[in-house]
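K.L.:
Please construct the entire structure, taking both the sequences and the accompanying hints into account.
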Amino acid sequence: MSKLKSNFEPRIVGFLCKWCAYTGADLAGTSRIKYPPNVNPIRVMCSGRVDPVLVIKALASGADGVLIAGCHPGDCHYTNGNVKTIRRFRVLQKMLDQFGIERDRVRLEWVSASEGEKYARVVESMTENLRTLGPLNWNGKKEVSS
Amino acid sequence: MSNPKAAIYWASSCGGCEIAMLELGMNLIDISKKVDIVFWPAALDFKYSDVEAMPDKSIDVSFFNGAIQTSENEHMAKLLREKSKILIAFGACAYGGGIPALANTTGREQIFTRVYKETPTTDNPDGIIPQAKSQVKEGELTIPEFYNTVRTLNQTVDVDYYVPGCPPVGEQVLAVMNTVVSGKLPPKGSVIGASDKSLCDECKRVKGERKIKKIMRTYQVLPDTEKCLLDQGVICMGPATRGGCGAQCLDANMPCRGCYGPVPGVLDQGAKMLSALASNFDSENEEEIQKIAEGVVDPIGTFYRYGLARSLLRRAKA
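So the sequence lines, in the order shown, correspond to chains A and B.
Take the first sequence: its position 71, counting from 1, is numbered 71 in our numbering, and each next residue is one higher.
Offset between the second sequence (1-based) and our numbering: plus 146.
What the hints contain is simulated information worked out from the structure, not anything from laboratory work.
There's no promise every hint is true.
[As the list claims (entries may be wrong)] Heads up, incomplete: computed chain A residues facing chain B, CB under 10 Å, no partners named:
no., residue
1, M45
2, G48
3, K57
4, A60
5, I101
[What the hints assert, rightly or not] Cut-off 27 Å, straight-line C-alpha distance, at most; resulting in silico cross-link-like pairs (BS3-like, lysine-lysine):
no., chain 1, residue 1, chain 2, residue 2
6, B, K151, B, K334
7, B, K350, B, K330
8, B, K360, A, K94
9, B, K373, A, K57
10, A, K57, B, K334
11, B, K353, B, K343
12, B, K151, B, K330
13, B, K334, B, K353
14, B, K179, B, K151
15, B, K357, A, K94
16, B, K151, B, K193
17, B, K357, B, K463
18, B, K463, B, K360
19, B, K193, B, K203
20, B, K359, B, K224
21, A, K94, B, K463
22, A, K94, B, K359
23, B, K180, B, K263
24, B, K437, A, K94
25, B, K437, B, K373
26, B, K373, B, K203
27, A, K57, B, K343
28, B, K180, B, K193
29, B, K231, B, K193
We treat Cβ as the ideally placed atom computed from N, Cα and C, and that holds for glycine.
P.N.:
Okay, here's the thing in structure tokens:
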């Protein structure tokens with residue numbers, strides 16, 4: 001496609017749960033796995049803490065995508081916080097469809113503390129998808145190019 | 147000392163806010179003794195040119211209802227701002243965009259196509275669509291331009307106070323009027339004529355465990371009048387909505403639809419309500435959860451019914 005699109009580096013806000021996904025991302029780093037630097041990670045206590053308001057605020061403030069990552073269902077440090085995440089996420093997806101925001105832009109993934117490799121793969125595929133989709137540029141907030 | 151001068155104007159609105167003024171009943175006579183109304187298109191014969199002729203800041207208080215959807219709405223918002231000491235966004239449309247802002251789920255072109263070409267009751271064989279300017283043999287005719295995106299009043303001009311509600315309930319309107327007449331006004335930017343707590347705080351229904359197995363739409367169920375509607379699967383916007391209306395809809399066995407806007411401190415009423423609702427789906431199984439989620443048929447229309455324009459995303463992608 002156009003030159004602009006191929007040079008485009010998406011900016012992804014990542015909400016990673018402290019117990020699994022953030023530790024998994026840490027493992028990816030200490031294991032020296034190579035993956036794109038496009039995620040700005042934010043450590044949260046649980047993926048269940050990720051209020052849909054946070055996702056929407058990220059998108060409205062210029063993020064091209066949002067990644068929510070937490071413990072696998074059944075492994076939640078707080079028993080069922082991640083189940084609440086699933087419930088909200090399913091309705092949120094439906095609402096973002098109405099807003100015309102593509103499903104690839106907001107993803108929910110399960111990454112355990114031992115899955116550094118999986119975290120790298122998730123970030124890689126998400127970054128690739130967003131490169132194809134192009135900037136979101138909501139409310140005309142231009143993403144600061146890195 | 148002469149009475150304070152007041153103006154009342156409607157922009158993109160249904161006229162319900164004017165009815166809310168009339169709900170003051172006999173109190174309106176009292177108020178009219180204390181206030182001189184200098185402009186009120188719905189009730190009195192003043193022209194725009196009369197307002198234009200007034201000196202700047204000569205109106206003490208303007209009650210502005212309706213959203214900003216046309217160039218005429220915008221012009222009047224700017225004009226009344228110029229002429230008024232205090233400008234009040236009155237009602238859900240001026241405050242959050244209201245029902246007109248649901249137009250932000252689509253755009254001008256789609257709206258025109260639907261309204262002037264597709265509706266079954268429309269007879270428009272030539273496919274005529276309103277134009278801001280058109281030539282006739284007598285010369286050029288102009289009508290206000292229709293905007294692609296609906297805005298709130300404070301996205302257009304500086305606003306001093308907000309009175310939420312669709313429409314604001316009678317007692318609250320009276321309270322607002324009395325506040326304005328007394329001159330004892332809260333800090334600029336305050337929401338007046340409403341409570342600072344969520345609607346649930348004043349709702350008399352018994353709140354239970356909130357385990358939602360299936361979303362029920364209002365036509366599918368005759369809810370128990372004593373129990374919380376969320377407990378019965380009906381989407382009630384109460385938890386995310388500012389109180390102050392006296393929970394009148396709940397008294398009529400209908401769910402709150404969120405017209406008083408978000409509770410103080412909440413950034414986005416719709417996303418907050420989505421969160422409150424979905425967290426209580428009664429299932430741990432992904433497929434079952436998906437099934438319950440499908441029951442939310444129109445998320446934007448449900449969660450942002452009165453506030454899409456002032457929400458974080460404001461509109462659907464064009």
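K.L.:
If a hint holds in the structure, say so; if it does not, say that too.
P.N.:
Here is how each hint holds up against the structure:
{"no.": "1", "hint": "M45", "verdict": "violated, 16 Å"}
{"no.": "2", "hint": "G48", "verdict": "holds, 8 Å"}
{"no.": "3", "hint": "K57", "verdict": "holds, 6 Å"}
{"no.": "4", "hint": "A60", "verdict": "holds, 4 Å"}
{"no.": "5", "hint": "I101", "verdict": "holds, 7 Å"}
{"no.": "6", "hint": "K151(B) x K334(B)", "verdict": "holds, 19 Å"}
{"no.": "7", "hint": "K350(B) x K330(B)", "verdict": "violated, 32 Å"}
{"no.": "8", "hint": "K360(B) x K94(A)", "verdict": "holds, 16 Å"}
{"no.": "9", "hint": "K373(B) x K57(A)", "verdict": "violated, 34 Å"}
{"no.": "10", "hint": "K57(A) x K334(B)", "verdict": "holds, 26 Å"}
{"no.": "11", "hint": "K353(B) x K343(B)", "verdict": "holds, 16 Å"}
{"no.": "12", "hint": "K151(B) x K330(B)", "verdict": "holds, 16 Å"}
{"no.": "13", "hint": "K334(B) x K353(B)", "verdict": "violated, 36 Å"}
{"no.": "14", "hint": "K179(B) x K151(B)", "verdict": "holds, 11 Å"}
{"no.": "15", "hint": "K357(B) x K94(A)", "verdict": "holds, 21 Å"}
{"no.": "16", "hint": "K151(B) x K193(B)", "verdict": "holds, 16 Å"}
{"no.": "17", "hint": "K357(B) x K463(B)", "verdict": "violated, 34 Å"}
{"no.": "18", "hint": "K463(B) x K360(B)", "verdict": "violated, 30 Å"}
{"no.": "19", "hint": "K193(B) x K203(B)", "verdict": "holds, 18 Å"}
{"no.": "20", "hint": "K359(B) x K224(B)", "verdict": "violated, 49 Å"}
{"no.": "21", "hint": "K94(A) x K463(B)", "verdict": "holds, 15 Å"}
{"no.": "22", "hint": "K94(A) x K359(B)", "verdict": "holds, 18 Å"}
{"no.": "23", "hint": "K180(B) x K263(B)", "verdict": "violated, 49 Å"}
{"no.": "24", "hint": "K437(B) x K94(A)", "verdict": "holds, 12 Å"}
{"no.": "25", "hint": "K437(B) x K373(B)", "verdict": "holds, 24 Å"}
{"no.": "26", "hint": "K373(B) x K203(B)", "verdict": "violated, 51 Å"}
{"no.": "27", "hint": "K57(A) x K343(B)", "verdict": "holds, 23 Å"}
{"no.": "28", "hint": "K180(B) x K193(B)", "verdict": "holds, 23 Å"}
{"no.": "29", "hint": "K231(B) x K193(B)", "verdict": "holds, 20 Å"}
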